[in-house]
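These protein sequences, in sequence, are chains A and B. Using the numbering used here, the letters of the first sequence map in sequence onto residues 1 to 105. Using the numbering used here, the letters of the second sequence map in sequence onto residues 1 to 229.
It should be emphasised that the hints constitute simulated quantities derived from the structure, not laboratory data. Note that the coordinates shown come from a computational prediction; the quantities given were computed from them, not determined experimentally. Check the hints yourself; a few may be wrong.
Covered by chain B, per the in silico footprint, the following chain A stretches (three or more residues, Cβ under 8 Å) [said to hold, decoys possible]:
no.: 1; stretch: 2-16
no.: 2; stretch: 24-35
no.: 3; stretch: 46-58
no.: 4; stretch: 81-88
no.: 5; stretch: 92-105
Straight line, CA to CA, 25 Å or less: simulated SDA-like cross-link-like pairs of lysine to any residue [as the list claims (entries may be wrong)]:
no.: 6; chain 1: B; residue 1: Lys102; chain 2: A; residue 2: Leu19
no.: 7; chain 1: B; residue 1: Lys225; chain 2: A; residue 2: Ile25
no.: 8; chain 1: A; residue 1: Lys29; chain 2: B; residue 2: Ile103
no.: 9; chain 1: B; residue 1: Lys123; chain 2: B; residue 2: Ser98
no.: 10; chain 1: B; residue 1: Lys123; chain 2: A; residue 2: Asn39
no.: 11; chain 1: B; residue 1: Lys206; chain 2: A; residue 2: Asn61
no.: 12; chain 1: A; residue 1: Lys84; chain 2: A; residue 2: Thr96
no.: 13; chain 1: A; residue 1: Lys84; chain 2: A; residue 2: Ser74
no.: 14; chain 1: B; residue 1: Lys206; chain 2: A; residue 2: Gly20
no.: 15; chain 1: B; residue 1: Lys183; chain 2: A; residue 2: Ala32
no.: 16; chain 1: B; residue 1: Lys123; chain 2: A; residue 2: Met30
no.: 17; chain 1: B; residue 1: Lys123; chain 2: A; residue 2: Pro27
no.: 18; chain 1: B; residue 1: Lys102; chain 2: B; residue 2: Ser68
no.: 19; chain 1: A; residue 1: Lys35; chain 2: B; residue 2: Asn125
no.: 20; chain 1: A; residue 1: Lys35; chain 2: B; residue 2: Pro160
Think of the CB as a built atom: it goes at the ideal place given N, C-alpha and C, for glycine as much as any other residue.
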Amino acid sequence: MSIWIPIILAGLINYLTRLGSILIINPNKMNATTKQILNYVPSAVFPAIIFPSVFLDQDSNIIHFTDPKIIAFSVAFLVGIFTKNLIVTIFSGLLTFWFIIFFIT
Amino acid sequence: MYSKYNTFFKGVADVLPLMIPVVPFGIIFGAIGIELGFGPYVTFATSIIIFSGASQIVIIQLLSAGASSIVAITSSSVVSTRHLLYGAVLNQYLFHLSIYWKIGLSYLLTDQAFAVSNEYFIKNNDNNFKHYHLVGSGLTLWIIWQVTTILGIFLGSIVPEELGLTFTIPLTFLALLVNYLRKIDHLIVIILSGTSSILFFDIPFKAYIIIASMIALFGAAILIKFNKR
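Okay, chain B solo, but in the shape it has when bound (with noise of 0.2 Å):
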């Protein structure tokens, strides 16, 4: 039977492997915050406030490379306008929580909790407590992310650079469409999405991630009507 203990924790496990790149990202961030030059409570807020591996990167390079706010607020904020799709896909199965839980589930709402709820919400639609399971995924996410943002700024790039470890967050990535590299269809849209976001990436903002989600998601709308006929 299912219950808030055991699907929480079902959470916690299907989200561990991924955190294999968000700890030494989580170190790195530290790190580069003191770097440039934000201290220690500026860059530990961010993590905080913000939440977000690649938003926050983004934004603390931007100003502290001297461009303007809004520039640096606008290019962050588009990085991160893909959280808008997850929340899409996750809305089927949280509609019906209160408002309560949908503030707080969503400061939770992560590329890797997203990915791995997602698909326990698809296999265990049943579970009135699925919703545990991203609380579950969330939150250890969210610790890991503190306490290695906290490491990165009293111990510095602790992780050898030599060991190429930021090589592991594609990877991880990869690892979570594993599901899909056998169906042509998803194989399709992965490589629509690939591609596109190469042949965008110098465009302003770091759009170019958002950019080729739409492009892919429109490519995916063709082969459905396609196959519908």
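So here's chain A without its partners, still in its complex pose (with noise of 0.2 Å):
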């Protein structure tokens, strides 16, 4: 079989999970509950992107507390909460990313 033929299944099947909902659900019916829970799909979404990238190794295991990427993760995360601020937060993890990998690892 073509190469082509899976890649734009695919993309056709990607692009319809973006279009679906925008097509098909009408806000106006939706009840108040449902439009509170949908406040909650960035905190529901994105750690599940996030935590198995910090957390696990290449095999799948949960990799150890004084790892670099965990140690970074974690002054990120304070970071985060205590200035509020995106680019801060990116940079910060970085940067202490590369200090531990560079200068004491």
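Hints given; two lone chains; assemble the complex.
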């Protein structure tokens, strides 16, 4: 089978997941509780992307808590809480990570 | 006053910091595509046709590892099911638009564009041109993704692996949550989602993202019920 077919099909399905809710759901018919639940979508989806890439290694085992990724992530987490600043949060984590891997380990 | 022009550029400006991991990730994707033998055309077309980093990596890795097309398509699709949730949230602000707008905007709906434009929509619901914010954020990501894919195709992995730049992906998503970290209800949902994703990481088709999300939203529903009493 041509390599194009799975890629086009995956692209089509991917696009439909983006269009689906926008096309079908009528927000005027949504009840108040559903709208309230939707406020939590970022908090419900993003950690599922974050946690495995911080806390698991390549063989999907949980890494040790002294791993540079966990320390740097914890620093970024605390900086995020205190500053509420997106850019500062990203760079505090990245700089901590670089500091540990280049100068300490 | 709001205008199409300044709303568009607000979208561009808001999403720019989130491009820090997108640049190395795009280059890595382009380089992996070539490395796995997909050739420049298929690799580049994948970024145009699928336009979703995680889904793209999943499908080309599975196809090159000899998985059946069905398995590859299913995994890539399961990874993208989270967009259904994004669409449900954003449609509260996009519902009045014409079908053409919806068809176009949907193509630009990514994690990053969703995160920044959703926040803008909440704060600027009175802006009649608010959808231009999503055009700005979505198009910025689209252009950077395509350009970096091309860079990766022709220059290979020019990003030194030692820099560990893939670590900026979780950092960026953490940064997108900074406004929620002080709210105890959101913090509970965040921890619920994160621990579920670790717990269900090994289930087939990379379904852990959507499963953890649904568990966390279920937890959010319980919290809402609990708060009402």
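Each hint tested on the structure:
no., hint, verdict
1, 2-16, "holds (count 12)"
2, 24-35, "holds (count 7)"
3, 46-58, "holds (count 11)"
4, 81-88, "holds (count 6)"
5, 92-105, "holds (count 5)"
6, Lys102(B) with Leu19(A), "7 Å, holds"
7, Lys225(B) with Ile25(A), "23 Å, holds"
8, Lys29(A) with Ile103(B), "21 Å, holds"
9, Lys123(B) with Ser98(B), "23 Å, holds"
10, Lys123(B) with Asn39(A), "13 Å, holds"
11, Lys206(B) with Asn61(A), "16 Å, holds"
12, Lys84(A) with Thr96(A), "18 Å, holds"
13, Lys84(A) with Ser74(A), "15 Å, holds"
14, Lys206(B) with Gly20(A), "21 Å, holds"
15, Lys183(B) with Ala32(A), "20 Å, holds"
16, Lys123(B) with Met30(A), "21 Å, holds"
17, Lys123(B) with Pro27(A), "18 Å, holds"
18, Lys102(B) with Ser68(B), "33 Å, violated"
19, Lys35(A) with Asn125(B), "15 Å, holds"
20, Lys35(A) with Pro160(B), "44 Å, violated"
Violation of the numbered hints given earlier is confined to hints 18 and 20; the remaining hints are satisfied by the structure.
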